[in-house]
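Undergrad: Below, each chain spelled out in residue letters.
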Amino acid sequence: MNKLEQLKQNLAGQFNIGNFKFSHSVGDDVLEVPKEDIPALLKHFRTSGKFDFLMDVCGVDYPNREKRFDVVYHLFSTKDASRLRLKTQVGENESVGTATEAYRGADWFEREAYDMFGVKFEGHPNLRKILTHHQFVGYPLRKDYDANWQQHSNSVLPIHFDNKPGRPGDVLNDDYVAINVGPSHPAMHGTLRVMAELDGETIVRANPEIGYLHRCFEKMAETHPYNQVIPYTDRLNYCSAPMNNIGYCKAVERLLGVEIPPKAQAMRVVLAELSRIIDHIIAVGTGGVDLGALSAFFHLLTYREKVYNLFEKLCGARLTVSMTRVGGMAQDAPEGWFDEVLAFCKEMRVQVDEISSLMLDNKIFIKRTQGICPISAQDAIQWGYTGPLLRATGVNLDLRKAQPYYGYDALDFDVPVGTTGDIYDRYLVRVEEMRQSIRIIEQVCKNIPGGDYTIRDKGIVLPEKKDVYGNIEGLMNHFMLVIKGLRPPVGEIYDATEAANGELGFYLVSDGSANPYRLKVRPPCFAIYQSFSSVVEGWMLADAIAVVASMNVIAGELDR
Amino acid sequence: MHNDQVQDSSSLMGTQAVDDMSRSFAFTSKLDAIVAWGRKNSFWPMPYGTACCGIEFMSVVGPKYDLARFGAEVVRFSPRQADLLIVAGTITEKMAPVLVRIYQQMLEPKYVISMGACASSGGFYRAYHVLQGCDKVIPVDVYVPGCPPTPEAVIDGVLALQRMIATNQPRPWKENWKSPYEQA
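As given, the protein sequences belong to chains A and B, one line each in that order.
Quick note on numbering: our numbering labels position 286 of the first sequence as 286, and the sequence is numbered without any gaps.
Quick note on numbering: our numbering labels position 58 of the second sequence as 58, and the sequence is numbered without any gaps.
Extracted from the complex, chain A is given alone in its bound form:
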C-alpha cells in the first residue's frame, strides 16, 4: 500500500493525477492512466530511476467496451524489486505514444502488440509485423479472430532491414553484400533468420526476422481450460520445460490465492534447478558446436540424458514433463527418487569442472568469445535483459534472491556475476550457475519435507483415483471439476519466476470462466534477442554466430 501512496504523492506535482486510477489487484500495484499521459509518464519513470526495467508491453482485447483495447506495461525496479502495472485504454482506430523513447526494450513488444491486436504505437520507428507471416491478414489475438482460421503463405519475405531515420529498411545499399542466414541453417537453431549487409566480413546492419515458430500459444491458452494449458507451457522453452510449468502454475495459484504444500514447493525447486542445469547444458553445448567444438556437446549430452532418466522415472516423460498441476504436483515422487537426484548431483559436480576445463579453458574458445560483442549494464537494462546475460554484465539481479519464492531465501547459494558482458562472461556465468544449482538441489533433497504433494481443494484439484472409484463424494467432485472447470476469481496478475534464460513472466487475466481470458508470456529471450542487430553491428559475421549461440535464443518462447 505504501509504495502506491508514495507513487501517488510523487506524481501529484507533475501530472494531472485526477485522471489516474491507483489500485491493487491480487497484490500487484496497478496504475490506470489516459493514453495521452503514457509517453511522458514512462519517460518520468525512466529518468527519475523509479523503474529501470520495462519488462513487458502487451495488449488485451475487450470487444464490448467503448475503447476496445488495454495496453499494459509492466515495470520493474531493481532497487527494491517493486513492480508496477501501467494500463491504458485505446480505441480500435486510435494510437498510443510509443514507449521506445523511454525504454528501448519496448521495441519488439510494441511490434508484437501491433501484430496481434492492431494497436498502433505512434512514433515507433519500425512498426512492422513481427510474428505472423507477411501475407497474414487480420489481428489474431482479437477475440473475434477464430483460432482455427489458418492463412497460407506462399513466399518468403525478401531481405530487408529496420527503418531508421534517413535510412529506409527496404532499400539495400549496392556497396555492400546482402546475405541471408537461416531459418534453415545450423547456427540459427532451426528457426531464426538473420539478414545482414556486409562490408567484407564486417556487419554494417543486421536484422533478425522471427516468427518462424509462432504457434499461437496465447490464443491456444485462451481456448483451453486452465489445467490443459500446462502442456502448452512445456513447449515454450523446451530446453527446460518444467520451469515453464512452474511459472504458469505459480501465477494461477497466486490468482486463486492458494499456497502449495512444502513438499510440492521442494519438488518444484528440484525440478526447476535440474532444468536449469540441462538448459545450460544445451546453451553451453550448442554454443560450442556453433564455434566448431563438437566434442563438448556430445560429452554434455550424456549428462542431459541422465536428467531425462530422472524425469522419466518421476513422471514417464523425458522432455515435456507437464509434472505440475495448479495446486501442487501431479503425483508424488517415487521412492528413492531424491537419492538418485543426489547421486546425479555428485556425478555432475565433477562433470561441470570437466566441462569448464574443456570449454572455458580452451584457447580457441577464449579467442572466439572473450571481448566479443560486449554489452554494458546500462544498455542491457534498457533492452530488458534478464537472467545470465544480465548478470554477465555485472548486474546482480536474480529473482530467486530479489523476490524469493518456494523457500529460495532459506537456501544457501550464490549469484554469479560477470564483469564485461561479453560472450565469454555469459558462458562463465552459466557454468557457475550449474554449480550453484547443484548446491541448491543437494540442500533441498537432503531435507525433503513430508506431507502431501498437492493441496486438496475440491474446486481446484481432481480427487485421487481411489476416491473417484471408491466413494460417491470423490466421484461427484471429480465430475464437477471436469464439467465446470477450474475457475479463478475475476482479476489479473503478473507473476514472474527466474527461468534459465531470465525473467519468465505470466500476465494472466481471468474473467471468472474456465479458460484464461488472456495469458501473456513475457519470454526472457524475446527481450534479449531484439538487441541483436545493435549488438553485432560493426563486428564480424562469425562473431554474430557466436552471439546468437550465447543468447540461447529458444524459438519456442521467442515466437510462442
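I should point out that these hints are in silico values taken from the structure, not numbers from a laboratory.
Don't be surprised by glycine CBs; every beta carbon is placed ideally from N, CA and C.
List of simulated lysine-lysine pairs, BS3-like, C-alpha gap at most 25 angstroms:
1. B:Lys110 to B:Lys136
2. A:Lys120 to A:Lys21
3. A:Lys465 to A:Lys484
4. A:Lys129 to A:Lys164
5. B:Lys64 to A:Lys346
6. A:Lys306 to B:Lys64
7. A:Lys35 to A:Lys143
8. B:Lys64 to A:Lys313
9. A:Lys484 to A:Lys466
Label-pair restraints from in silico Cβ distances:
10. A:Gln151 to B:Ser179: 10 to 20 angstroms
11. B:Arg101 to A:Tyr176: 17 to 27 angstroms
12. B:Pro109 to A:Glu201: 34 to 44 angstroms
13. B:Val35 to A:Ile448: 58 to 68 angstroms
14. A:Glu473 to B:Arg101: 52 to 62 angstroms
15. A:Glu5 to B:Arg101: 54 to 64 angstroms
16. A:Arg349 to B:Asp66: 21 to 31 angstroms
17. A:Gln228 to B:Ser78: 38 to 48 angstroms
Use these hints to put chain B onto chain A, whose structure you have.
TA: Relative to chain A, chain B alone:
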C-alpha cells in the same frame, strides 16, 4: 614392352583368374537389391529441427541412442548433401515455403520422416499460424507419433524407412508430388 603388360593383364581378367576370385569373395544379386541395401544403410539425414522435437533429435544422434548404429550418422545441414529430411518440430505457415524450398533442393533419391505430432498433423496446435501437418506441402514417407517421440520411436521410424527402401515399396505420394506453389 608396355603393350605386352597390358595384354597380359587383360588376358588375366577374362579367364580362370576371375572365376577364382569370384569364388573367393564375389556374390551375385540383383542390381536393385544391392543399390537399395547401400541406400538404406547410409542415410545422410538433414535434421529440420524447429522445436522441441529438434532437442529430442539431439538425443537420437547423441551418445546414448546413437543413430550411427543404423548407418545414419552423417548429419548434414545442407539439403544438397542429404537424402533424408527429418522434419522435427512444428511447421508454421511462415515456415512452410522455406521447407518446400529445402525439400526441392535435395537430390534424388530423397526421403522424408515426419517426427512428432506437430510435423505430422499440427499436433495440439490447432491454431491460426500452424500448418496442419507438413504433408500438406511435402511428401512424407514415415510418420513418427509422439510429442515429442522418444528416441526409440525415431529409430523405429528410420528402420521402417529402411524396410521400405529394401523392399522397393512404391511411393505414389512422392511420385505424384508437385510443389504447392507452382500451380499458378
